[in-house]
Amino acid sequence: MTDHSSGTEDGEASGILIPLHEARNARLDQPVRFDRRELDQILRLYGRMVAANEWRDYAIDHLTDRAVFSVFRRASEVPLFQIVKDPKLARRQGAFAVIAAGGRILKRGQELGRVLGVFDAKLKLVEA
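Just remember that our numbering sits 2 ahead of the position in the sequence shown, which is counted from 1.
Think of the hints as simulated: they come from the structure by calculation, not from any bench. Backbone N, C-alpha and C fix where the C-beta goes; we use that ideal spot for every residue, glycine too. Do not take every clue at face value.
Stated by the list, open to error - Now the in silico label distances, taken between C-beta atoms and shown as ranges:
#, residue 1, residue 2, range
1, Q32, A103, 44 to 54 Å
2, D67, E129, 43 to 53 Å
3, R50, P21, 23 to 33 Å
4, D59, E113, 41 to 51 Å
5, H23, R106, 32 to 42 Å
6, A77, I20, 35 to 45 Å
7, R94, H64, 15 to 25 Å
Using the sequences plus the hints, can you model the full thing?
Next comes the structure, spelled out in structure tokens:
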């Protein structure tokens, strides 16, 4: 039992044509976002740093040209670090960057996991 009242049976009216330039413009007007995998990696790191009592608050900004995950020690301060996704830089320097409070770029790269490696604790030699 199928309902054929909304269209023809031969399939000619089965789709709606959208000009390609309109579809591209609609996609370009959307803000840049972190996808689910990227946000999962960032929030895992955030959870570790909160447990270590280093970070206390965060903010996510989805701008037209980049997405920014800002990390704060206190909500009233400037961000300690910003994790930035800038797709325009993907082919040159890498889409991801970690930026310190003073604006210095700590690490930049193509893969978010490697860029977030800047926060991993460095092993130190301890003499007994």
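**List of violated hint numbers, smallest to largest** = Hints 1, 3 and 4 not satisfied by this model.
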